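Engineer: If you're matching them up, the sequences are chains A and B in order. Those letters in the first sequence? Residues 1 to 539, per full-length UniProt numbering, in order. Those letters in the second sequence? Residues 1 to 539, per full-length UniProt numbering, in order.
Just so you know, the hints here were simulated from the structure itself, not pulled from any lab data. Keep in mind that this is a model prediction, so the values were computed, not measured. Glycine is no exception: its CB is placed at the ideal position from the N, C-alpha and C atoms. There could be a bad hint or two in this list.
Unchecked claim - Distance condition first, Cα-Cα at most 20 Å in a straight line; then the derived DMTMM-like pairs of lysine to aspartate or glutamate: (1) B/Lys259 to B/Glu2; (2) A/Lys481 to B/Asp479; (3) B/Lys149 to A/Glu254; (4) A/Lys481 to B/Asp473; (5) A/Lys481 to B/Asp474; (6) B/Lys149 to A/Glu318; (7) B/Lys289 to A/Glu183; (8) A/Lys289 to A/Glu254; (9) A/Lys463 to B/Glu409; (10) B/Lys435 to A/Glu409; (11) A/Lys289 to B/Glu281; (12) B/Lys463 to B/Asp473; (13) A/Lys415 to B/Asp400; (14) A/Lys441 to A/Glu391; (15) A/Lys368 to B/Glu25; (16) B/Lys149 to A/Asp313; (17) B/Lys253 to A/Glu183; (18) B/Lys312 to A/Glu391; (19) A/Lys441 to B/Glu157; (20) A/Lys149 to B/Asp321; (21) A/Lys435 to B/Glu417; (22) A/Lys149 to B/Glu254; (23) A/Lys289 to B/Asp280; (24) B/Lys415 to A/Glu402; (25) B/Lys259 to A/Glu183; (26) A/Lys312 to B/Asp105; (27) B/Lys463 to A/Asp105; (28) B/Lys149 to A/Asp280.
Stated by the list, open to error - If you only want the chain A side, here are some residues facing chain B, beta carbon under 8 Å, derived: (29) Gln18; (30) Val21; (31) Asp105; (32) Thr109; (33) Ala111; (34) Val131; (35) Gly178; (36) Pro181; (37) Gln182; (38) Gln186; (39) Ala298; (40) Ala303.
Protein chains: 2
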Amino acid sequence: MERLYLFDTTLRDGQQTQGVVFSTEEKVRIAKALDDLGIDHVEGGWPGANPTDSAFFEAAPEMRATLTAFGMTKRAGRSAANDDVLASVINAKTPAVCLVGKSHDFHVTTALGIRLEENTENIRASFAHIVGLGREALFDAEHFFDGYKANRAYALEAIHAAYASGARWIVLCDTNGGTLPQEVYQIVTEVIASGIPGDHIGIHTHDDTGNAVANSLAAVDAGARQIQGTLNGLGERCGNANLITLIPTLLLKEPYASKYQTGVTLEALTGLRKVSRMLDEILNRVPSKQAPYVGASAFAHKAGLHASAIAKDPTTYEHIDPALVGNMRIVPMSNQAGQSNLRVRLADAGLELDKGDPALLRILDRIKEREGQGYAYDTAQASFELLARAEMGRLPSFFDVERYRVISERRRNAKGELVVESEAVVTVTLPGGAKTTSFYKNEGETEQQDAGPVNALNQALSKDLGPYQAYIDDMRLVDFKVRITNGGTEAVTRVIIDSEDAQGRRWSTVGVSANIVDASFEALVDAVVWKLVRDGARS
Amino acid sequence: MERLYLFDTTLRDGQQTQGVVFSTEEKVRIAKALDDLGIDHVEGGWPGANPTDSAFFEAAPEMRATLTAFGMTKRAGRSAANDDVLASVINAKTPAVCLVGKSHDFHVTTALGIRLEENTENIRASFAHIVGLGREALFDAEHFFDGYKANRAYALEAIHAAYASGARWIVLCDTNGGTLPQEVYQIVTEVIASGIPGDHIGIHTHDDTGNAVANSLAAVDAGARQIQGTLNGLGERCGNANLITLIPTLLLKEPYASKYQTGVTLEALTGLRKVSRMLDEILNRVPSKQAPYVGASAFAHKAGLHASAIAKDPTTYEHIDPALVGNMRIVPMSNQAGQSNLRVRLADAGLELDKGDPALLRILDRIKEREGQGYAYDTAQASFELLARAEMGRLPSFFDVERYRVISERRRNAKGELVVESEAVVTVTLPGGAKTTSFYKNEGETEQQDAGPVNALNQALSKDLGPYQAYIDDMRLVDFKVRITNGGTEAVTRVIIDSEDAQGRRWSTVGVSANIVDASFEALVDAVVWKLVRDGARS
Numbered sequence: 001m002e003r004l005y006l007f008d009t010t011l012r013d014g015q016q017t018q019g020v021v022f023s024t025e026e027k028v029r030i031a032k033a034l035d036d037l038g039i040d041h042v043e044g045g046w047p048g049a050n051p052t053d054s055a056f057f058e059a060a061p062e063m064r065a066t067l068t069a070f071g072m073t074k075r076a077g078r079s080a081a082n083d084d085v086l087a088s089v090i091n092a093k094t095p096a097v098c099l100v101g102k103s104h105d106f107h108v109t110t111a112l113g114i115r116l117e118e119n120t121e122n123i124r125a126s127f128a129h130i131v132g133l134g135r136e137a138l139f140d141a142e143h144f145f146d147g148y149k150a151n152r153a154y155a156l157e158a159i160h161a162a163y164a165s166g167a168r169w170i171v172l173c174d175t176n177g178g179t180l181p182q183e184v185y186q187i188v189t190e191v192i193a194s195g196i197p198g199d200h201i202g203i204h205t206h207d208d209t210g211n212a213v214a215n216s217l218a219a220v221d222a223g224a225r226q227i228q229g230t231l232n233g234l235g236e237r238c239g240n241a242n243l244i245t246l247i248p249t250l251l252l253k254e255p256y257a258s259k260y261q262t263g264v265t266l267e268a269l270t271g272l273r274k275v276s277r278m279l280d281e282i283l284n285r286v287p288s289k290q291a292p293y294v295g296a297s298a299f300a301h302k303a304g305l306h307a308s309a310i311a312k313d314p315t316t317y318e319h320i321d322p323a324l325v326g327n328m329r330i331v332p333m334s335n336q337a338g339q340s341n342l343r344v345r346l347a348d349a350g351l352e353l354d355k356g357d358p359a360l361l362r363i364l365d366r367i368k369e370r371e372g373q374g375y376a377y378d379t380a381q382a383s384f385e386l387l388a389r390a391e392m393g394r395l396p397s398f399f400d401v402e403r404y405r406v407i408s409e410r411r412r413n414a415k416g417e418l419v420v421e422s423e424a425v426v427t428v429t430l431p432g433g434a435k436t437t438s439f440y441k442n443e444g445e446t447e448q449q450d451a452g453p454v455n456a457l458n459q460a461l462s463k464d465l466g467p468y469q470a471y472i473d474d475m476r477l478v479d480f481k482v483r484i485t486n487g488g489t490e491a492v493t494r495v496i497i498d499s500e501d502a503q504g505r506r507w508s509t510v511g512v513s514a515n516i517v518d519a520s521f522e523a524l525v526d527a528v529v530w531k532l533v534r535d536g537a538r539s
Numbered sequence: 001m002e003r004l005y006l007f008d009t010t011l012r013d014g015q016q017t018q019g020v021v022f023s024t025e026e027k028v029r030i031a032k033a034l035d036d037l038g039i040d041h042v043e044g045g046w047p048g049a050n051p052t053d054s055a056f057f058e059a060a061p062e063m064r065a066t067l068t069a070f071g072m073t074k075r076a077g078r079s080a081a082n083d084d085v086l087a088s089v090i091n092a093k094t095p096a097v098c099l100v101g102k103s104h105d106f107h108v109t110t111a112l113g114i115r116l117e118e119n120t121e122n123i124r125a126s127f128a129h130i131v132g133l134g135r136e137a138l139f140d141a142e143h144f145f146d147g148y149k150a151n152r153a154y155a156l157e158a159i160h161a162a163y164a165s166g167a168r169w170i171v172l173c174d175t176n177g178g179t180l181p182q183e184v185y186q187i188v189t190e191v192i193a194s195g196i197p198g199d200h201i202g203i204h205t206h207d208d209t210g211n212a213v214a215n216s217l218a219a220v221d222a223g224a225r226q227i228q229g230t231l232n233g234l235g236e237r238c239g240n241a242n243l244i245t246l247i248p249t250l251l252l253k254e255p256y257a258s259k260y261q262t263g264v265t266l267e268a269l270t271g272l273r274k275v276s277r278m279l280d281e282i283l284n285r286v287p288s289k290q291a292p293y294v295g296a297s298a299f300a301h302k303a304g305l306h307a308s309a310i311a312k313d314p315t316t317y318e319h320i321d322p323a324l325v326g327n328m329r330i331v332p333m334s335n336q337a338g339q340s341n342l343r344v345r346l347a348d349a350g351l352e353l354d355k356g357d358p359a360l361l362r363i364l365d366r367i368k369e370r371e372g373q374g375y376a377y378d379t380a381q382a383s384f385e386l387l388a389r390a391e392m393g394r395l396p397s398f399f400d401v402e403r404y405r406v407i408s409e410r411r412r413n414a415k416g417e418l419v420v421e422s423e424a425v426v427t428v429t430l431p432g433g434a435k436t437t438s439f440y441k442n443e444g445e446t447e448q449q450d451a452g453p454v455n456a457l458n459q460a461l462s463k464d465l466g467p468y469q470a471y472i473d474d475m476r477l478v479d480f481k482v483r484i485t486n487g488g489t490e491a492v493t494r495v496i497i498d499s500e501d502a503q504g505r506r507w508s509t510v511g512v513s514a515n516i517v518d519a520s521f522e523a524l525v526d527a528v529v530w531k532l533v534r535d536g537a538r539s
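Model the full assembly from the supplied sequences, consistent with the hints where possible.
Structural biologist: What follows is the structure, encoded as structure tokens:
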């Protein structure tokens, strides 16, 4: 099997994303995760370009992966040894250095404003210098594909200058992201024919036409042996090639799986979803549900026909086993679902019903009716479970809500400043008829998180539930989504609430009402009841 | 130039997305947008499968596009004319009918549990029946690529049965999304060689390996002439091929631009971003910033080196002119572009500012600051206008809100029934120092529309505004959108409110707060102030 190398630039090109600035600690965490995954090169940033990039190289962890510093070829009018920008890159003392340089004549003359032969000489001198220092050298040939189409001879001259000067990898960059897979295949083939062997050629693509992954594969098909990309496709504009998508394709799909070997083992692959989530968590981003392989919906089967086939054999509607990438199958409920879909979903919740059990039809009818009112049970799986249990006569009656009342107020405080505060009171009836009333007040002297009525209601509801209190003490509300939707002909508000507990379980509940507070409260009560059911509380 | 056909299945396959249920009104709106864009076929759903799909075909708008009903080939053991599932599809009376059927032997025997020849006969009889009724017929050959690899002879037998029976289009489906571009190219080439001409072959791909777009292009390269996809790549699991990405590539990039013609004109293409946003708005989804062509970041240039080159010539780091798809360049380093955009927007609001006026920079800075806190001025044009007026010293001070208080309550009424009600009180200071306090209570004996705290606040605020009351009597709140977003590092709530008046004007305002009620109130006050400004009220 031939070796295929993976080069990650999340910490460098990924940081070009609008709104993304990594701290040094975050960079260290990401680098470690990349190393554990089995990535070959980790590009850490541009030493000297900004303080965090420089700081990272000082703090970089021990890795199997080759730590790589990024920079650019020396500028015209000085020697490589006397270029201070290049010196900063070299001073980071990394085993590998990746320098970007021009290969498109238009950019040499327009953006740099120098002659073509000056640029070629800058490339030659820079790589001779780095290689002379014993570093592994990579050349990111910027705008290579556009340059090749505009002036093939010069584009080849530029990369051959780097290769002849000892660059280990010539990385062909589709910097503007406008090149399509067939062109990539054709041009990489021609570059190899020009005398640079495929195992010295890398590919660096961007997703401006939605083809970053396909372009990377096309380059490999043509003979390239290094792929540059980022976690979750982070990167400027539409992002770089997504390594999280490429890695499973390379490991699991033909012709790649049996032809090539990467540094990523099948065992490490099962941690892929976790690596993807870690980056989202660091960036405080909502993970993409549709992300290939690792998205929450990547193995979700909503269509009734699909779900019944999946129950017979998962390969009917799954291109790989989700466990291979650490993901899971989901058979959500919705008004498209049939009975077999329902039985699979019930089994997931530990509820077995025989084929043909009349409760199946009752549950489906009830779901259809409620979805007509605006409920959405494919997202709110915990509420679905409670609905099913109720129809099956297997839902204990833990408590009744007698009353709630919530107040939000904006007023001037004693100092004359406007403050916003919320308070709530909730009264429930417990088994045996005892009543408990709980009160919560958020006194916001300034605008602050959780100053709203839903949080106040949640705090009051979960403050004193008598014998159940111990079961819910570790619950917390982690997400809250609101949508105005149609319940029949009227506009109603649908609220979805995500809750979490100390065991790391996360569950979603739904409420619908013409009143946003009431919809929220319904979802909050479902969240509590689900937790009581799951933890075996007795009514 | 050869004709390439676009088939949209947002309303059918798109609805297989987790969490997506379109109302009939939403389906009509989407169908109209697809028609305006120039899509050839609009697949509306599966008549008979669920009530909203059936309702849409009754309510479907007049279109140039061919309205298409989806269904499946007849079941074994009955004739096509006597299959009630097929009958429901036909009864929708659409000019075109698309039937899915099996072409993978494993699915015939495992999922359907019938013999191969029975399946072939079902295909043959179904298409003979539909074509006999004068309908344009399409065959979605499910799992075609997997089937072809497993049992080439049977996969070809299945599609040739449909073609020989008069199906206009044989659509090769990569149902599980696991096929890669090279395979798609190879297999489509072989299918055409088997005797079905390319202008009778369609391609239907899914994004499970991130290659849905590339697979569609590979099929066209091999000779297929119909592409099936969805807006924004909506669809089950990782989604279908994204038409919003494919259309500009087909219209603007070689070899497609000069080889093929679609129903989408270059003029319609400039509305592409708007169509993409419309779908996100209907789904209440945050638009993907990184989306190819239409994403907010698709032409954002963060890197300093890139920004300075862009200033010299935008083609240095842009693969197309963003205006071609209705998008805009964002260059955080230089606000030259920002200023001219801003002047256009201000002129829309009747506010003229000279080029170079220092207020332009102040307004841009303020927008940046507020957008960092979670505000969104691209949607909330009215709030944008108020912000600009404030910076220009042209915003009258009509009134100050002294205090508000809103209560939502669920309790038992005298009959022991649970009722939900809301009440609000608002105190404002008018010019001259007079204070006015208004109270509103919704006594909900049953669940009803507008029982919520925001409506109560709105009613109280607009009940007695002293000298301004005559200006606002014809205002009403027509839409209300809520999103949890990031304001700096904290999660905050953003509320967008749409208001309307008797003149038929509709305007949007925004509020942001950690408290949903407070965010709503801010947007309500902006809505009132905008109306006062526009109607020339004096402070």
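Engineer: Confirm or reject each hint.
Structural biologist: Structure-based check of all given hints:
Proximity of B/Lys259 to B/Glu2 is assessed by CA-CA distance (about 6 Å); at most 20 Å being required, the pair is judged to hold. The hinted pair formed by A/Lys481 and B/Asp479 meets the criterion: a straight-line CA distance of about 17 Å does not exceed 20 Å. Using a Cα cut-off of 20 Å, the hinted pair B/Lys149 and A/Glu254 holds, with the two alpha carbons roughly 12 Å apart. Between A/Lys481 and B/Asp473 the CA atoms are separated by roughly 32 Å; this puts the pair beyond 20 Å, and the hint is violated.
Proposed proximity of A/Lys481 and B/Asp474 is contradicted: the alpha carbons are some 31 Å apart, above 20 Å. A distance of roughly 16 Å separates the Cα atoms of B/Lys149 and A/Glu318; the hinted pair therefore holds under the 20 Å criterion. Among the hinted pairs, B/Lys289 with A/Glu183 is inconsistent with the structure: their alpha-carbon atoms are about 27 Å apart, more than 20 Å. For the given pair, A/Lys289 sits about 26 Å from A/Glu254 by alpha-carbon distance, which is inconsistent with the 20 Å threshold.
For the given pair, A/Lys463 sits about 18 Å from B/Glu409 by alpha-carbon distance, which is consistent with the 20 Å threshold. A distance of roughly 18 Å separates the Cα atoms of B/Lys435 and A/Glu409; the hinted pair therefore holds under the 20 Å criterion. Distance hint between A/Lys289 and B/Glu281 is fulfilled; the C-alpha atoms sit about 18 Å from each other, no more than 20 Å. Taking the CA atoms of B/Lys463 and B/Asp473, the gap is near 8 Å; set against the 20 Å cutoff, the hint holds.
For the hint pairing A/Lys415 with B/Asp400, the CA-to-CA distance comes to about 17 Å; that is within 20 Å, so the pair holds. A C-alpha spacing of about 37 Å is found between A/Lys441 and A/Glu391, which places the hinted pair above 20 Å, so the restraint is violated. For the given pair, A/Lys368 sits about 19 Å from B/Glu25 by alpha-carbon distance, which is consistent with the 20 Å threshold. For the hint linking B/Lys149 to A/Asp313, the alpha-carbon distance of about 18 Å falls within 20 Å, and the restraint holds.
Of the pairs offered as hints, the one joining B/Lys253 and A/Glu183 holds, with about 11 Å between alpha carbons and a cut-off of 20 Å not exceeded. Our distance criterion of 20 Å between C-alpha atoms is broken by B/Lys312 and A/Glu391, whose separation comes to about 68 Å. Taken as a hint, the A/Lys441 and B/Glu157 pair is broken in the structure, with Cα atoms around 71 Å apart against an allowance of 20 Å. A C-alpha spacing of about 19 Å is found between A/Lys149 and B/Asp321, which places the hinted pair at or below 20 Å, so the restraint holds.
Annotation: proposed proximity of A/Lys435 to B/Glu417 holds, straight-line Cα distance about 18 Å (limit 20 Å). Distance check on the hinted pair: A/Lys149 and B/Glu254 sit about 12 Å apart at the alpha-carbon level, within 20 Å; holds. Proximity of A/Lys289 to B/Asp280 is assessed by CA-CA distance (about 15 Å); at most 20 Å being required, the pair is judged to hold. Between B/Lys415 and A/Glu402 the alpha-carbon distance is near 14 Å, which keeps this suggested pair within the 20 Å criterion.
Simply put, B/Lys259 and A/Glu183 have alpha-carbon atoms about 16 Å apart, close enough for the 20 Å limit, and the pair holds. Taking the CA atoms of A/Lys312 and B/Asp105, the gap is about 15 Å. The hint holds against a cut of 20 Å. For the proposed pair B/Lys463 and A/Asp105, the alpha carbon gap of about 69 Å is over 20 Å, so the pair is violated. With a CA separation close to 37 Å, the supplied pair B/Lys149 and A/Asp280 exceeds the 20 Å bound.
The criterion of a C-beta within 8 Å of any C-beta in chain B is met by A/Gln18, whose closest approach is roughly 5 Å, and the hint holds. Checking A/Val21 against chain B: minimum C-beta separation of about 10 Å lies over 8 Å; hint violated. A distance limit of 8 Å between C-beta atoms decides the matter here; for A/Asp105 the minimum to chain B is near 12 Å, and the interface restraint is violated. Here the hint on A/Thr109 is broken, as its CB sits about 11 Å from the closest CB of chain B, past 8 Å.
Interface restraint check for A/Ala111: the shortest CB-CB distance to chain B comes to about 4 Å, inside 8 Å, so the restraint holds. Hint status for A/Val131 relative to chain B: violated, with the closest Cβ pair at about 24 Å, above 8 Å. Because the closest C-beta pair between A/Gly178 and chain B is about 3 Å apart, less than 8 Å, the hint holds. Restraint check, A/Pro181 versus chain B: the minimum CB separation of about 5 Å is within 8 Å; hint holds.
With its C-beta approaching chain B no nearer than about 6 Å, A/Gln182 sits inside the 8 Å limit, and its interface hint holds. At about 11 Å, the closest approach between the beta carbon of A/Gln186 and any beta carbon in chain B exceeds 8 Å, and the interface hint on this residue is violated. With a cut of 8 Å, the hint placing A/Ala298 at the interface with chain B holds, because the nearest CB-to-CB distance is about 5 Å. Hint status for A/Ala303 relative to chain B: holds, with the closest Cβ pair at about 5 Å, below 8 Å.
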